[in-house]
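Chains as they are written, first to last, in my numbering: chain A, 1 to 783; chain B, 1001 to 1287; chain C, 2001 to 2155.
Don't read these hints as lab results, they were simulated from the structure.
Note that the structure is predicted; figures quoted are calculated from it, not measured.
Glycine residues also receive a C-beta, built at the ideal position from the N, C-alpha and C atoms.
Cβ-to-Cβ under 8 angstroms is the rule here; a few derived chain A residues that face chain C: (1) Thr30; (2) Gly676; (3) Thr706; (4) Ala708.
If you only want the chain B side, here are some residues facing chain C, beta carbon under 8 angstroms, derived: (5) Met1001; (6) Gly1033; (7) Gln1034; (8) Pro1038; (9) Met1042; (10) Asp1052; (11) Asn1054; (12) Arg1103; (13) Gln1104; (14) Asn1107; (15) His1189; (16) Gly1190.
If you anchor each label on the Cβ, the simulated ranges turn out as follows: (17) Lys491/A to Ala2153/C: 39 to 47 angstroms; (18) Asp1256/B to Glu150/A: 26 to 34 angstroms; (19) Ala1247/B to Arg308/A: 34 to 42 angstroms; (20) Pro1177/B to Arg658/A: 34 to 42 angstroms; (21) Arg77/A to Arg1144/B: 46 to 54 angstroms.
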Amino acid sequence: MSAAGEKDYQASPSPRLAPGAGRVVGQRVTRLEDAPLVRGDGMFAADVSFPRQLAMRVVRSPIAHGRLLSIDTAAARALPGVHAVWTAADVADIPPIPFRATKVRGLEPYCQPILAAGRVRYAGEPLAVVFADDAYLAEDAADLVVPDIEELPPVLDATAEPAEFLPGHSTEPTVVRKEYGDVAAAFRDAHAIVELALSVGRHSGVPLETRGAIARYDASRDLLELHGAAKKQHWNRDEIARLLGRPPAGVHLFEGHVGGGFGVRGELYPEDLLVCLAALRLRRPVKWIEDRREHMVATNHSRQQHHRIRAAVDGQGRLLAIDDVFFHDQGGYVRTHGARVVDLAAGMLPGPYRLPAYRVAGHFRLTNKTPAATYRAPGRFETTFVRERVMDAIAARLGLDRVEVRRRNLVTPAEMPHARPLDTLGTAVVLDSGDYPGLLDTALDRFGWTALQADLARRRGAGECVGAGIGFFVEKSGLGPSDGVRIAVDKTGGVELISGAASVGQGVETVLAQICAEALGIDYRRVRVVRGRTDRIEFGNGAHASRVTVMSGSATYRAALAVRAMALETAAGLLQAAASELSIVDGHVVRLADPGAPLMPLGEVARHMGPDSALMVGRTPGLSAERWFHSAHMTYPYGVHLAVVRIDRGTGEVRVERYLVANDIGRAINPMLVEGQLAGGFVQGLGGALFEEFRYDETGQPLSTTFADYLIPTLAEVPPLDLIVSEQAPSPLNPLGVKGAGEGGTNGVGAAIASAVDDALRRPGAVVSLPILPRTVHALLRT
Amino acid sequence: MKPPVFEYHRPASLTEAVDMLGGLENARLLAGGQSLMPMLAMRFAFPDHLIDLNRIPALAGIAEDGGTLRVGAMTRQRDLLDHPVVRARLPMLAEALEQVGHRQTRNRGTVGGSLCHLDPAAELVAVATALDAELEIAGPRGARTLPMAAFPLGFMTPALEPDELLTGLRFALPALPQGACFTEFARRHGDYAIVSAAAILWPRDGRIGRASITLGGVGPVPVRLEAAEAALAGQRADAESFAAAAACCGALDPMDDAQVPAWYRRRLAATLVRRALTTAWERADVR
Amino acid sequence: MHDVTLCLNGDVHRIRVEARRTLLDAIREDCGATGTHAGCEHGVCGACTVLLDGEPVRSCLMFAVQADGRELRTVEGLAKDGVLHKLQQSFIDHHALQCGYCTPGFLMLAAGLIEADPDLSDAALIDGLSANLCRCTGYANIVAAVRAVLGRAPS
Ligand SMILES: Cc1cc2nc3c(=O)[nH]c(=O)nc-3n(C[C@@H](O)[C@H](O)[C@H](O)COP(=O)(O)OP(=O)(O)OC[C@H]3O[C@@H](n4cnc5c(N)ncnc54)[C@H](O)[C@@H]3O)c2cc1C
Ligand code: FES
Ligand code: FES
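Use the sequences and the hints to build the structure in full.
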């Protein structure tokens, strides 16, 4: 294995961060982000306002599928305070929204135009936009826009035979296929074959802050600014520039505070382009704030898949092959993610198990619903549910213990790194490191699994309907290819860290500051992290796929070490000492021999490196460095979820009594933040397992359009959660040894709860779909 | 989700409110706003006039008056929930109120607003029916009273003329020892019930003297489970009797939709009836 | 248009608004106090929670005209003389926020709950805090933060 990143850091003078807790890395320090947020000083999208701004309101399709015959905008235009009303004809020069990820040939005709032309493909699709003096008025005007749509029968079932979705275009533009090993032979020779049909419901990230976009055009500098951006500023900037025919340097994106991302926020959506275009054309700032009902039909949905899976096993319950055919319900358009979720599902399904042969066909199907894309643990929440259902089924089939079947199939530490003849996201799947059986034992032990079984048996004897479940998962994180960080020390010893990363509320600033502070020898609170803006750094890969800590963190580490080396070299000259005898402690240069005696503050060193300093003649001034980290491979965190559930026989309600997430993430920069990620991720998983679902009626009308219908768990639904943040297997792929921690809390929840519900019902295989609804359970109790 | 344009009126007295209600076209009363505001925000309602009842002091307040508790229509759900007489003498009412929304919504939401909004799943509607509350109504033709059982005419349709408003309600304070329980099934804490059951048992000689069973969320209006009430009278209070009473739910003809099919509502009703009766009996003073 | 006087964190704001303007929008747009957030505008998420005469209410479910002359407290009013309110500090110490969008609503809800009952039981605390939605934290740290202010050890 010759990962570029590995070579890169090995070749450089930067060593690996030594294992064990550091001075500030590995510590539970409080977050730099928090003070403004608890004071109400945050700057979320809706908090951004400019003088003379107009409010934009989107007129959305009331029906799921139809021919758009005409749109009457006369009454809306006539309303005082309305400045413009646009339909597709007004924006015909703007190309549809392109793909960023997982481009698959054949998907292009399914890209979304910024306003519907000719056809509407889902209820909620933008048909027209209104620009008015304020949001109230804009909504009044939008109500006066009357579309004439000839209804067509909607396509709502992604498992139906492929048919025509659009004239000349099928509901199935592509099938993602992956295969290795001799699948046919494995099934032929199998001791047993289990076969399951499993579904995962449509749900999504649904952050508490809805989307927002505020554009303003500064004619004096010929500069277009977009505020309210998130996650992928640089890519979005480049695309907005391209689609609007401007040079990238003439467009800047700004991420303020972001009220949750979870995969859905920060993609390039029609509204982002519409506000930009309007700011250019109307020469006034334009503000759009999505309302909650819009959010539920406009922002990316996710997850909906149906799997028909078969597994061949030997007499010991060892997997010989898996053959999976699944149907991915994409909705009405293909958005920026292309076929990413299907690709991830296909690539990650085998998870932690040794699998000699594998074949998968992911049918990418269009339906007349809101377009779908990624949501925390995309393709993994779904396939962990599916795979772990299979493991339970194997156990039941062979009369084996559920844990034992897993143990027999887990890839062992001796087999690491474990390369699968499989790829996902364009990179080969190489499980880089891990002790899967070890973590399983740790988790079972901590949960008291053995004693628990006895306790559950006793409770069942007393009439209770209780059970325990398990789900093992493998995550992926640290998607490359690269990230850069620039670190500069000012004359006061303050440090500015500029990164191309983004923050969607997960604590990026604190984590990068901790890494920087560790390497540089300063207080992390002296580090000011700049992120999420295109005007301070020319490249950036944003925040997604649990990549920030791995990629930007590694780049930070390297840049900070470089700054440190520069500082020591300069200080050595000033102090008449050898650089190797010096160190930096608490922001002061010290002698290694006497670290308690500060010799010179870091700011002083920076001052000596300023442009006016005699020392810098003939050199580039500044105590600053930019460093990059490249990686060709992803790193794979892993873990176990364990659940205990109680079912109310009278109502079918499933209550999770307690839960454990164990996750190996190589190294925790800040264990408190890692635990926060796991806890929050878990509750989102709980939502997908038991509560949340975007439902549609038979005409394609969305039924989950409010927070009263789309059931996000409240505190009262959340069980006590135990967390094991394991650092057993530092990643060899980066100098910090870190793996992403963003998604492991979510990944296995559907799997573990399904397993526990089966156990409570004493019916292996009873759960075949998520979310597990009380009425479904109630029906199972009666049959 | 911004409310549509309307004209705002803030009467200072009941007479003024009644006059406005009779005089203004397409007017709507604004009580706690906890149901009406979301409807306005979603633009499900388009009143030309909103008459805000929040600054008519006479409409709010709780008073014990002989054997009854009088509650003004504009009394906040929170105030009723915290009232010592309710806690002591009408614990089932408190039990129901605890399950109406959350602290913030109960701080604003009113007792009258909930009854007039008449959501089929509303806890107060079910419990006011179970407790045989008497409603006080005012209009241009004067005041009248109406038993709660006659108030719901159909799905979210109270027996009010367009120019009438609810001014208050009276609960008879129980004289005889009795046990009562309100219980519900909701998906999340604070959500509207899917189905709720209110049971009151009057013991006599160690047996059930009389029973009252009311179901919310089953039909468009609360349902009295009369068959079960009759069957329970004179019975022993044991699991068997309660199960038999619950079985009467099999004859219900509940609302049916994709999310909560009729069969499931029936089974929820049976479960809740059994549980409410069991708890009510535990609470009854059988001595 | 209506002339409305809002007493917000002790400051008097005289604003002129349409009757239909929600209290939430008036606080944010007319008084410029954007710490109070909109999460749903239909009363379910609690992000817009403010204290009205000391009691937590959802500011998206009231019209600004209705708050005329009443006393309002928002997250901006919690810290005094630059010193964080103990709830604010506890939220930081317990990592009770991630994106921070729900935080002002939770802080005001918690402030209202504990001011009304400084001896709030755990059950009442959980019941009370279940009113608001948080999509990031999983809630446990929020409960821990408030319990700490009530002088209770982590559970
Ligand atoms: C998050 C949330 C959760 C909720 N959960 C529940 C729940 O679990 N159970 C439940 O029952 N409710 C629930 N509700 C609604 C409840 O809070 C409302 O208080 C109640 O439904 C209406 O009362 P109101 O005073 O707010 O009335 P408003 O919303 O002001 O008015 C409701 C309707 O009644 C009419 N009206 C009001 N007062 C009178 C009167 N005196 N005479 C004639 N007509 C009148 C109004 O014109 C309007 O049509 C919830 C609300 C929210 C926001
Ligand atoms: S914004 Fe008011 S409750 Fe959600
Ligand atoms: S911290 Fe993000 S919603 Fe609560």
